[in-house]
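What follows is the residue order along each chain.
Protein chains: 2
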Amino acid sequence: MCPASREMSNNRGNGRGRPGAACSRGTWHPTPSPSSSSSLQAPAAAPQRRGGAGGRGGAGGAAMAAACPRWRERLFALYFLSHIPITVLIDLQALLPAGLHPPSLTELLQWYAATFKDPMMLQPPEWFKAFIYCEALLQLPFFPVAVYAFLKGGCKWIRTPAIIYSTHVATTLFAILAHILFHDFSKSKHLGPQTQHERLVLLSIYLPYLLIPLLILFTMLYNPYYNHVEKRKRK
Amino acid sequence: MCPASREMSNNRGNGRGRPGAACSRGTWHPTPSPSSSSSLQAPAAAPQRRGGAGGRGGAGGAAMAAACPRWRERLFALYFLSHIPITVLIDLQALLPAGLHPPSLTELLQWYAATFKDPMMLQPPEWFKAFIYCEALLQLPFFPVAVYAFLKGGCKWIRTPAIIYSTHVATTLFAILAHILFHDFSKSKHLGPQTQHERLVLLSIYLPYLLIPLLILFTMLYNPYYNHVEKRKRK
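Residue numbers (the numbering used here), protein chains in the order written: chain A, 77 to 311; chain B, 77 to 311.
Accuracy of the hints is not assured; some may be wrong.
One copy or any two copies: either way a pair holds, since identical chains are not told apart in the list.
Claimed, not checked - Result set (EDC-like, lysine to aspartate or glutamate): computed pairs, CA atoms no more than 20 Å apart in a straight line:
id: 1; residue 1: LYS265; residue 2: GLU202
id: 2; residue 1: LYS205; residue 2: ASP260
id: 3; residue 1: LYS263; residue 2: GLU202
Simulated from the structure, these hints should not be mistaken for laboratory data.
Isolated chain A, as found in the complex:
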């Protein structure tokens, strides 16, 4: 399922596997071999080569940039892992009939909505409900896949799905954050944020769901490790 990452695991574990590259602890260790020399001549491999050849000296920045971004992958894995119970136990309450979730979880949602003044979760507007449907039907099946890919690390096949996921979620957050910041909640049935401080507190709850997807998006787009997927796959 993930040949790239399997190679990476081999490289990490025992120094074998595909020669020429190994992702380990955020640095890039080239293992030159005759078979990989032609691909290392390619312009696309140049940053990786520079990073590796430069070691931890002056070109250390380039090495870090070209390396498998492990701390970010772990953060993404944690993000997707934590999203599964949040979606199933909390967010889905806005879609499913009342009484389907245990009373303790319903009370937790009520407590959250009252404390952080989030009327959207108790009485979601139609556009917000559409996003929760997307979360349940499109995102939820993706979460375990993303956990697997980012926990294992180096799974480059996650690039396009992750770009789609992060763009989708960032777009939903643009609308949600605008609603939190500027909507007039005074006529809302459930208590909503009124003061600037209340709006910012509620915004801070949702903000990680914009920032982390944006970090995923930029990692997939600009990190050389994920950017040159097929160029390494072909070897």
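Starting from the known structure of chain A, fit chain B onto it as the hints suggest.
Same frame as chain A, now just chain B:
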């Protein structure tokens, strides 16, 4: 900027350019040469080879699938081209101060909103306004680039930007269509759709902006021509 498409143009125009492949009128014409033989042995090139070898006979479907999707590219170019005046002349009226657009355009928007009962364009909710900001700041600069890429054809560098664009726009449309179908417009300041027929008429105005981005997304994801970007780039 677009070496792939330049090669394609060369192939189309004078039969020269990169040997081995040419995208023309929706079919795939291989021009075997010793220099391209190794790359044609790669599994990724198999559908293209089959299509080309099969000509317009039994393998015609495979040929079409692997070929440069010209009619779709032209449709996408037309879509992005038409979006520029719509965004600048109509949609931006919801953001910019009144009086900045010519009175005739303001009247056109008023007529549209009254005829198709679209209160969102006259008094946009905050979440909808966030999407128009995205349209103005993120999408509008992309439109001429996309027109260029799809009009020229075969520009594979458009794949990732097009995936991001189409995912973003499809997500905005999920919210907009849910709002049109299910929101209670009876308390709206401006006339909104009330009957099922009125909702479906308004929905039909927005629907192409879901369907075409979805077609772009699926083309970028599943059309072999766009799917194997780097695999051909490396030749």
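Now for the hints, and whether the structure bears them out:
no., hint, result
1, LYS265 to GLU202, "both (15 Å within a copy, 18 Å between copies)"
2, LYS205 to ASP260, "both (19 Å within a copy, 14 Å between copies)"
3, LYS263 to GLU202, "both (17 Å within a copy, 15 Å between copies)"
Violated hints are absent here; each numbered hint is respected by the structure.
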